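2 protein chains.
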Amino acid sequence: MNDALLKNIRLQDPIFAPRQKTGREVTIPSCIRRCGETGRIKAFRLQWKKGEPDMPHIYWDSDVAKVLEGMAASLMVQPDPELEKQLDELVDLVVSAQQPDGYLNTHFTVAEPEKRWASLAVCHELYCAGHLMEAAVAHYEATGKRNFLDCMCRYADYIATVFGRGEGQKRGYPGHEEIELALVKLYRATGEKRYLELARYFVEERGASPNYYVTQEGFPEASLNYLQAGKPVREQTEAGGHAVRAMYLFSGVTDVAAETGDPSLLAAAKRVFRNVSERRMYITGGVGSTRQGEAFTHDFSLPNDTAYAESCAAIGLIFFAKRLLDATGKREYADIVERVLYNNGMSGISLRGDTFFYANPLEINQTSFDVGHVYSTRQPWFNTSCCPTNYCRFLPRLGLFCADASPDHLRIDIPAAMSVALPEYEVEIAGRYPYDGKITVTIRRGGCFTLALRIPGWCGKYSITLNGNPAKTVEKGYWTRKKNWQAGESVTLALDMPAEVIYANPGVPADFGRAAIQRGPVVYCLESVDNPDILLHTVRIPAEPEFTRCKVSGLPEGTEALQFSGTAVRSADGPLYSTEPPHSSKVRLCAIPYALWQNRGASSMQVFLLTGA
Amino acid sequence: MNDALLKNIRLQDPIFAPRQKTGREVTIPSCIRRCGETGRIKAFRLQWKKGEPDMPHIYWDSDVAKVLEGMAASLMVQPDPELEKQLDELVDLVVSAQQPDGYLNTHFTVAEPEKRWASLAVCHELYCAGHLMEAAVAHYEATGKRNFLDCMCRYADYIATVFGRGEGQKRGYPGHEEIELALVKLYRATGEKRYLELARYFVEERGASPNYYVTQEGFPEASLNYLQAGKPVREQTEAGGHAVRAMYLFSGVTDVAAETGDPSLLAAAKRVFRNVSERRMYITGGVGSTRQGEAFTHDFSLPNDTAYAESCAAIGLIFFAKRLLDATGKREYADIVERVLYNNGMSGISLRGDTFFYANPLEINQTSFDVGHVYSTRQPWFNTSCCPTNYCRFLPRLGLFCADASPDHLRIDIPAAMSVALPEYEVEIAGRYPYDGKITVTIRRGGCFTLALRIPGWCGKYSITLNGNPAKTVEKGYWTRKKNWQAGESVTLALDMPAEVIYANPGVPADFGRAAIQRGPVVYCLESVDNPDILLHTVRIPAEPEFTRCKVSGLPEGTEALQFSGTAVRSADGPLYSTEPPHSSKVRLCAIPYALWQNRGASSMQVFLLTGA
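Here the protein sequences come in this chain order: A and B. Residue 1 is where the first sequence starts when you use the numbering used here, and the numbers rise one by one after that. Residue 1 is where the second sequence starts when you use the numbering used here, and the numbers rise one by one after that.
Source of the hints: derived by calculation from the structure; they are not laboratory data. This structure is a prediction, so every number in the text was calculated from the model and none was measured. Built from N, CA and C at the ideal position, the CB exists for glycine as well. Any given hint might turn out to be false.
Stated by the list, open to error - Here are some of the chain B residues that sit facing chain A, going by a computed Cβ distance under 10 Å:
1) 339
2) 508
3) 576
4) 601
Required output: the full structure, derived from the provided sequences and hints.
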């Protein structure tokens with residue numbers, strides 16, 4: 001993932017572009033304010049004393065780091081001197097907290113200095129370090145200023161003295177992964193191979209015997225899976241434990257594999273990815289189905305109403321899939337990037353940009369909603385506010401997940417309307433994707449390069465023309481053409497994009513006898529605000545519904561809702577158990593994109609509908 | 001509930017009689033042994049010192065008390081000098097632990113004497129006292145010996161000095177209710193009205209403002225509902241919080257209402273009961289649907305796979321319903337006693353009698369089972385072993401829930417085969433209920449009394465004869481005849497008892513589109529051991545199945561299983577999401593009584609089946 005490309009991609013589509021704008025105008029300022037109000041920013045002054053309120057928490061640094069990273073990424077998308085000034089000031093404050101030996105962590109500097117590195121399994125120390133490194137790299141790439149980057153190099157150099165296989169070193173590794181991928185970014189930004197080596201060390205030491213956490217920290221062996229530390233990464237075959245940790249780890253594993261060319265590491269990443277995408281992922285791209293430990297559970301265990309599917313885990317899966325896509329060029333990874341992006345990736349944040357879901361269930365039923373279901377409304381902030389601050393850095397980067405560009409190669413992964421302008425060429429992608437399947441790629445400034453256009457995995461039928469003439473289609477993957485492109489040339493892609501009824505594998509107990517609605521990459525849901533006066537969980541969808549596209553009020557211009565006929569029960573009168581089946585009536589229903597639910601007040605919601613209307 | 005009646009009722013039916021025998025021969029000895037092995041018995045020696053293992057836990061006394069109570073109840077059903085000797089020895093040990101002031105609690109005597117009564121909300125002190133009182137009353141009724149009873153009177157008298165509205169007294173009440181109903185038992189056994197008054201105090205002080213737990217113990221106001229202490233009992237309208245606590249509380253409330261004739265207390269108990277039976281109870285009679293806090297949640301929230309439905313809560317609901325039945329004589333309460341007894345009440349313990357379910361889910365699906373679902377196999381013991389020890393006292397009492405008898409009134413609530421012999425008359429109930437609907441009530445020894453025979457609420461059609469002649473049927477409730485019965489007279493009741501398909505109220509999200517099978521009071525389930533090679537959660541049942549009664553191996557003689565045809569999916573091959581619906585095949589299925597599942601090894605299990613085969 002090449003952050004610098006953010007300067008070259010301009011989104012103009014109906015979904016990502018406004019989200020990115022909201023991120024810049026609302027989400028980032030709102031999170032800066034919250035970080036200030038909660039003491040997270042002043043923590044870097046290192047003036048907290050025992051007994052005072054607002055003790056810097058072990059993960060606070062990461063929240064601030066993610067906001068800084070988001071500010072920097074945003075500057076790459078759209079320069080903004082005011083924002084840059086604010087960023088530089090915050091960077092100065094963060095850098096000022098660095099200790100003479102290079103260490104930088106507010107909690108362990110002021111609150112528990114004697115416990116530095118004492119509890120890797122649970123204390124987020126290396127996690128915070130990783131986020132600071134990501135922020136520093138983004139700051140450097142956005143502004144060219146080296147102060148934060150140099151500060152983080154010193155921190156990384158210090159960490160390299162503490163951890164490793166040498167005498168007197170700790171053979172530990174982070175309980176919450178993140179620094180692995182951050183060190184690879186640091187390596188890419190600086191060219192200093194030692195950071196890649198440190199990342200490789202953390203990846204390879206993980207889960208080695210005897211287990212560091214068990215022997216050095218008394219961590220229970222039975223819980224090692226929570227930390228992806230039950231066995232070495234190369235031996236892992238399933239996505240297990242805390243979902244965000246797992247996704248960040250395997251993002252880092254893929255990075256290390258890509259940079260070192262290590263086939264066994266890449267194979268492990270692919271294997272775990274396949275387990276996620278073929279056995280443990282919601283149709284919305286959500287992962288980590290249980291709230292207990294915010295974790296992966298087991299194959300096919302995908303409950304809808306209690307789905308945890310943390311926003312950060314979805315973002316983590318996008319990071320992971322995007323890295324595998326870049327490493328392999330294979331469409332299967334882009335398919336997952338896209339599924340998560342348009343669904344769970346966007347549902348975690350409100351359209352207004354200032355409230356967030358931590359969990360992203362696929363069902364809020366009438367009864368859970370009536371009593372204030374914990375998952376049923378987005379919140380402005382959380383004590384553990386990883387999700388809001390993750391959106392600060394995720395939204396500015398949306399363009400990166402749509403295309404990858406180098407002087408001789410332009411790969412369009414998601415054909416959202418955008419322009420990609422490099423010194424060597426400029427290309428514009430136009431259309432209303434994902435609400436419409438017709439996409440036009442126009443060369444604005446010519447050049448010799450390979451154009452690769454993804455044919456989405458969800459698409460059963462499509463046609464393609466080059467300068468108006470039918471072009472050969474491809475079976476799977478990418479339509480690819482290398483040539484000396486001239487300004488004015490164009491490729492049109494017409495993706496057949498009917499609304500479809502989607503069934504989960506019958507191994508998924510929660511979804512059997514049910515179906516979801518998907519059009520293109522967009523998963524739909526029913527919300528009670530559009531479907532009042534029925535018990536939403538009683539809705540049945542016919543096997544072959546006739547869908548009608550329509551608008552609904554209160555959602556962004558251009559949003560396409562889907563109407564269809566089904567059946568539902570209107571009331572819960574009557575006894576608790578009876579020999580009489582409940583009475584369903586014919587009803588007209590209206591589904592909206594899942595990502596947009598709960599933007600018009602609290603509501604019941606349902607993705608998987610019973611079949612058999 | 002009149003324990004002394006245990007001496008007059010002899011069960012001879014195919015379900016309760018063998019369970020009672022197993023309770024006597026296996027469950028009680030096994031729990032005595034476990035109480036010994038774990039230190040629960042020796043705790044009463046009060047010799048534990050700080051630093052030693054086996055510190056008496058705050059709720060250990062209650063476990064021993066329930067076993068003692070079970071031993072005594074068992075002696076009433078069947079005298080056994082060996083058992084009585086063992087009971088007397090244990091009673092002597094318990095009594096020896098009483099302090100000079102009357103206090104008796106192993107934990108707070110040896111481990112935290114300074115914290116006596118300091119934390120009513122969470123420390124189970126009055127709960128343990130209540131269980132000891134119940135045991136003492138049972139011991140007295142079984143043996144006529146007063147030592148334990150007198151000891152408990154001293155304890156109750158001491159408690160009455162500590163708690164109350166007088167000057168210097170604590171205006172507290174138990175965090176875990178139990179002592180309320182126990183004090184009413186103590187009152188009934190001794191005739192000492194002050195115990196009833198103390199019970200009434202605990203009932204009436206509960207939830208009063210300012211709240212004792214909040215002001216005196218710093219208990220969070222938001223969690224008061226967990227303890228049924230958010231408002232006074234008379235103002236409570238819903239079953240809330242920890243399910244066992246709620247059921248024990250309202251058992252005690254009903255007792256106090258019955259003894260004092262207080263209509264507002266009885267009304268509160270009826271209101272809460274109606275909320276349970278009409279909105280918050282599984283078809284199996286299970287209550288307390290969530291594991292979080294072992295608690296009631298809200299109306300219609302009855303998930304099947306994550307159902308907690310603790311065994312103790314089911315037993316508590318039987319206690320509660322039986323008390324309301326005795327207080328009102330209304331069939332609706334007997335219907336619930338029966339539903340719980342034959343289903344969740346029996347599923348909590350294995351047929352062998354030495355392993356137990358804490359939770360009683362209505363679904364174990366293939367995937368949860370494959371990875372060792374926490375609820376999927378019965379365990380011999382738990383750290384918190386309330387459920388096993390509850391069965392010690394519950395199984396000997398089974399007869400009490402089938403009939404109530406006084407010199408001039410015999411009420412048959414559940415027409416299980418049994419004899420009821422009082423000095424005034426003797427009656428025998430014969431048949432294979434609940435596997436057969438034909439019941440014969442024969443007068444073995446005549447007398448002048450009213451015979452009341454319940455017509456079960458599940459029964460849509462029945463006929464009744466008196467000495468061979470058709471008798472007038474009743475619309476609802478009990479068929480009642482007062483006369484001078486002669487030996488040899490008989491009443492036959494023929495209950496139409498087809499296997500039926502039962503639907504939950506459409507307000508229950510987990511059950512919509514599903515149906516369960518019930519025959520008479522017995523709820524059925526599918527277990528994978530009888531239905532191999534299919535994904536059990538994919539089974540569909542037709543709207544009007546043709547059921548065939550049959551036997552299955554490994555279950556008790558006389559158990560009736562039900563065969564029927566439906567559809568199911570055989571394998572989970574294929575992609576995670578697809579436009580192709582899963583392929584179901586026609587299959588022959590076999591259902592067994594829910595109470596008997598997991599007696600032939602671990603298995604997937606399903607009560608509510610999808611409809612639409």
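Okay, the hints, checked on the actual structure:
1. 339: 9 Å, holds
2. 508: 8 Å, holds
3. 576: 5 Å, holds
4. 601: Violated, because the Cβ-Cβ distance from residue 601(B) to chain A comes to roughly 20 Å (cut-off 10 Å).
The structure is inconsistent with hint 4 alone, although it conforms to all the rest.
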